[in-house]
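Enquirer: Here are the chains, one letter per residue:
There are 2 protein chains.
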Amino acid sequence: MASSGSRVVDIHTHMYPPAYVELLESRQTIPLIRRFAGAKDPRYIILPAEAESLEKISQAGAAATTQLPGRPVTTHYSSLQQKIHFMDTHKIDISVISLANPWLDFVAEAEAAETARSVNREFESMCLEHPGRLFFFATLPLSAPAEELLAAIDFVRGLKHCRGVILGTSGLGQGLDDRRLIPVFKALAKNGLMIFLHPHYGLPSEVWGPRATEEYGHVLPLALGFPLETTIAVARMYLAGVFDEVPELKMLLAHSGGTLPFLAGRIESCIVHDGHLVREGKVGPKRRTVWQVLKEQIYLDAVIYSEVGLKAAIDASGVDRLMFGTDHPFFPPLTSDEQGEWESMKWNKAAVEKALGEGSQGTLAVMGGNAIEVLQLKEDA
Amino acid sequence: MASSGSRVVDIHTHMYPPAYVELLESRQTIPLIRRFAGAKDPRYIILPAEAESLEKISQAGAAATTQLPGRPVTTHYSSLQQKIHFMDTHKIDISVISLANPWLDFVAEAEAAETARSVNREFESMCLEHPGRLFFFATLPLSAPAEELLAAIDFVRGLKHCRGVILGTSGLGQGLDDRRLIPVFKALAKNGLMIFLHPHYGLPSEVWGPRATEEYGHVLPLALGFPLETTIAVARMYLAGVFDEVPELKMLLAHSGGTLPFLAGRIESCIVHDGHLVREGKVGPKRRTVWQVLKEQIYLDAVIYSEVGLKAAIDASGVDRLMFGTDHPFFPPLTSDEQGEWESMKWNKAAVEKALGEGSQGTLAVMGGNAIEVLQLKEDA
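Residue numbers (full-length UniProt numbering), protein chains in the order written: chain A, 1 to 381; chain B, 1 to 381.
You may find that some hints are simply not true.
What follows is a list of derived Cβ distance ranges for each label pair [claimed, not checked]:
#, chain 1, residue 1, chain 2, residue 2, range
1, B, Pro72, A, Lys282, 19 to 27 Å
2, A, Arg288, B, Ser6, 30 to 38 Å
3, B, Ser336, A, Thr335, 54 to 62 Å
4, A, Gln67, B, Glu248, 32 to 40 Å
5, A, Glu114, B, Ser336, 57 to 65 Å
6, A, Thr335, B, Glu248, 26 to 34 Å
7, B, Ser336, A, Thr89, 57 to 65 Å
8, B, Gly281, A, Ala37, 26 to 34 Å
9, A, Pro18, B, Gly284, 37 to 45 Å
Using 20 Å as the maximum straight-line C-alpha spacing, the simulated EDC-like pairs for lysine to aspartate or glutamate come out as follows [claimed, not checked]:
#, chain 1, residue 1, chain 2, residue 2
10, A, Lys295, A, Asp320
11, A, Lys286, B, Glu307
12, A, Lys186, A, Glu215
13, B, Lys186, B, Glu248
14, A, Lys349, B, Asp315
15, B, Lys354, A, Asp315
16, A, Lys354, A, Glu280
17, B, Lys346, A, Glu268
18, B, Lys295, A, Glu307
19, B, Lys282, A, Glu147
20, A, Lys91, A, Glu268
21, A, Lys282, B, Asp315
22, A, Lys91, A, Asp337
23, A, Lys295, B, Asp88
24, B, Lys282, A, Glu214
25, A, Lys349, B, Glu268
26, B, Lys354, A, Glu268
27, A, Lys354, B, Glu268
28, A, Lys282, B, Asp88
29, A, Lys282, B, Glu214
30, B, Lys349, A, Asp315
31, A, Lys354, A, Asp320
32, B, Lys286, A, Glu268
33, A, Lys346, B, Glu268
34, B, Lys349, B, Asp88
35, B, Lys282, A, Glu343
36, B, Lys349, A, Glu268
37, A, Lys286, B, Glu268
It should be emphasised that the hints constitute simulated quantities derived from the structure, not laboratory data.
C-beta atoms are modelled at their ideal positions from N, C-alpha and C, and glycine is treated no differently.
Turn these sequences into a full structure, and let the hints steer you where they fit.
Expert: Okay, structure coming up:
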């Protein structure tokens with residue numbers, strides 16, 4: 001457990017650099033950014049349900065609706081000055097910024113490598129503007145040909161402020177248990193680049209039932225779909241043996257592991273009671289359990305908004321593997337000034353202090369010390 | 001917190017009475033029970049992936065495969081003597097038995113009421129055979145016309161050993177946030193009948209990815225799909241206002257709430273940050289939070305196989321609302337005698353003792369005291 005003083009590090013915080021915003025503005029299918037007459041900010045449209053609303057508006061004309069789909073793209077998304085303001089307001093010393101979902105998942109094969117290179121360069125130059133305060137997780141051109149994808153890893157490891165890569169769950173289109181990803185995982189591990197695993201696709205919308213879209217806002221897909229997506233992705237990697245095959249691979253899981261800390265016991269039980277796995281000899285004494293992988297290869301952010309879940313995350317991975325985050329610029333305050341304090345900071349910080357004690361070694365570690373040590377967040381590193 | 005001595009109660013334990021087995025044997029689509037030449041036990045086929053295997057076998061002939069689909073229907077499913085043997089082996093004093101998934105969800109409208117009545121009578125007569133050791137959660141004829149469904153509640157409340165009803169997540173076909181269920185919930189609440197909410201349908205199989213069926217056994221749908229299904233169902237009820245509209249409704253959630261204790265913080269955050277809900281005035285100061293509902297109307301079983309998740313469940317609902325269970329006859333031991341000790345008992349009991357201390361008041365409460373008090377498990381009650 002590292003205590004590097006009382007510095008606060010935000011390891012889950014996103015940026016949309018200008019070139020990425022332009023890319024989204026040029027698109028006709030989700031994800032896309034669309035401007036509406038009379039609306040102050042353009043809208044960022046990600047979810048299938050939002051695309052349906054957009055479709056209705058296109059057919060009926062914007063005047064037919066009082067509510068625009070998606071979320072406003074405020075300066076919080078793309079302004080570095082705003083990011084620094086957010087950090088200063090919340091006494092965050094260092095942010096490890098990353099592109100937000102869905103990254104470059106949608107970019108055509110021929111453009112992927114160059115788009116990734118330009119986005120990663122923009123991230124590096126943002127970090128250079130604020131020495132010691134910004135580091136970043138790079139973005140991989142997953143739709144690029146295999147050799148360009150490996151070259152991209154080589155490129156980002158040369159960027160001074162890059163500490164890993166942010167990765168969605170789709171991989172090359174078939175999930176992260178795809179054997180074609182093994183060379184990617186090996187290259188990342190070899191270069192000491194952590195994977196920050198982050199959800200985007202959620203679950204098929206029919207699981208939310210007929211009332212969800214009209215009545216429950218985005219609560220179900222965001223609160224339940226996202227964490228499950230992460231859990232499924234990492235469970236598939238575990239079952240495919242990725243963690244054994246690439247033992248140096250280190251993964252940081254968004255939202256405190258989705259639901260992994262809570263469900264690890266049930267996963268273990270389902271494994272040892274699975275006739276197929278037992279017959280295949282996959283449940284032998286040498287098997288590394290989910291619990292071991294949680295303590296040896298997995299790190300968890302502390303973006304869980306309650307000490308109840310946070311304690312389970314700490315119990316599962318260890319207090320030296322949890323790292324504070326805010327998820328900025330998502331979930332802005334709706335009933336107070338968004339230049340002021342955000343609940344994402346308040347709730348997640350309170351969770352750490354309630355779980356570990358205000359000012360305790362554990363709290364200092366989770367709030368920043370762990371990230372500084374694990375990700376080597378020193379300007380001269 | 002109740003400590004009624006050191007009696008152990010299993011509140012999550014299923015039975016397939018003979019009439020229900022016959023019903024399943026007569027079916028052509030899942031769920032069904034099928035006998036195969038040369039196999040000792042018939043097979044119980046529930047999951048869509050298993051139905052696909054069955055289809056292949058039907059086409060190719062049973063000899064073409066070495067592995068039969070589904071799970072063996074051993075005497076653990078339908079023999080009361082075997083249930084009592086399991087209880088004796090594991091020092092379980094009282095079991096609150098229930099029909100297993102998918103209950104009567106598939107029964108035609110015209111037959112539902114009578115089938116439910118006969119199943120519930122069979123449960124009552126099993127309880128009568130072992131006074132003081134067995135109580136049960138009844139089964140509702142959800143596909144019956146509304147008045148017969150309400151009459152069924154009236155019927156089961158008159159059965160001496162009935163303490164509630166086991167309910168899946170489909171309700172009348174559109175989930176448990178269906179307003180047509182409000183009279184059902186009100187009737188249950190008025191009669192002091194607890195709902196035991198139990199998953200069956202999991203998640204659409206595409207979420208498990210292309211390798212799941214062949215390589216990962218049933219791990220993903222059972223370990224992740226089931227708990228998420230429960231979480232979605234109860235979150236939809238919460239968002240629909242069911243708990244406010246029926247404040248006396250009491251629900252016991254299978255598998256320690258699915259993932260609800262871990263995700264409650266994120267659900268709360270997503271609610272207060274949801275533009276739609278805020279605009280609709282649904283996030284006012286009078287809103288009862290998910291945390292309040294967890295502590296006031298929800299009970300959780302302790303079927304979670306680890307103290308990590310169990311502690312979160314206790315933190316979320318309170319030690320007086322957790323109740324031990326085994327999920328018998330599911331997850332039989334695969335590498336030891338199934339007449340001996342089962343991991344389901346060992347792991348879940350160890351979780352309680354690690355979380356609360358061996359022999360502590362809390363452990364006694366969770367292992368049996370709470371169930372005895374909350375469900376009034378007294379023969380003369």
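Enquirer: For every hint, state whether the structure bears it out.
Expert: These are the hints, each one checked on the structure:
no. : hint                                 : result
1   : Pro72(B) with Lys282(A): 19 to 27 Å  : holds (20 Å)
2   : Arg288(A) with Ser6(B): 30 to 38 Å   : holds (37 Å)
3   : Ser336(B) with Thr335(A): 54 to 62 Å : holds (58 Å)
4   : Gln67(A) with Glu248(B): 32 to 40 Å  : holds (36 Å)
5   : Glu114(A) with Ser336(B): 57 to 65 Å : holds (58 Å)
6   : Thr335(A) with Glu248(B): 26 to 34 Å : holds (32 Å)
7   : Ser336(B) with Thr89(A): 57 to 65 Å  : holds (59 Å)
8   : Gly281(B) with Ala37(A): 26 to 34 Å  : holds (28 Å)
9   : Pro18(A) with Gly284(B): 37 to 45 Å  : holds (39 Å)
10  : Lys295(A) with Asp320(A)             : holds (9 Å)
11  : Lys286(A) with Glu307(B)             : violated (23 Å)
12  : Lys186(A) with Glu215(A)             : violated (45 Å)
13  : Lys186(B) with Glu248(B)             : holds (8 Å)
14  : Lys349(A) with Asp315(B)             : holds (18 Å)
15  : Lys354(B) with Asp315(A)             : holds (12 Å)
16  : Lys354(A) with Glu280(A)             : violated (44 Å)
17  : Lys346(B) with Glu268(A)             : holds (13 Å)
18  : Lys295(B) with Glu307(A)             : holds (16 Å)
19  : Lys282(B) with Glu147(A)             : violated (51 Å)
20  : Lys91(A) with Glu268(A)              : violated (40 Å)
21  : Lys282(A) with Asp315(B)             : violated (35 Å)
22  : Lys91(A) with Asp337(A)              : holds (17 Å)
23  : Lys295(A) with Asp88(B)              : violated (37 Å)
24  : Lys282(B) with Glu214(A)             : holds (13 Å)
25  : Lys349(A) with Glu268(B)             : holds (16 Å)
26  : Lys354(B) with Glu268(A)             : holds (17 Å)
27  : Lys354(A) with Glu268(B)             : holds (17 Å)
28  : Lys282(A) with Asp88(B)              : violated (32 Å)
29  : Lys282(A) with Glu214(B)             : holds (13 Å)
30  : Lys349(B) with Asp315(A)             : holds (18 Å)
31  : Lys354(A) with Asp320(A)             : holds (17 Å)
32  : Lys286(B) with Glu268(A)             : violated (41 Å)
33  : Lys346(A) with Glu268(B)             : holds (13 Å)
34  : Lys349(B) with Asp88(B)              : holds (15 Å)
35  : Lys282(B) with Glu343(A)             : holds (18 Å)
36  : Lys349(B) with Glu268(A)             : holds (16 Å)
37  : Lys286(A) with Glu268(B)             : violated (41 Å)
Checked against the numbered hints given earlier, this structure breaks hints 11, 12, 16, 19, 20, 21, 23, 28, 32, 37; the rest are met.
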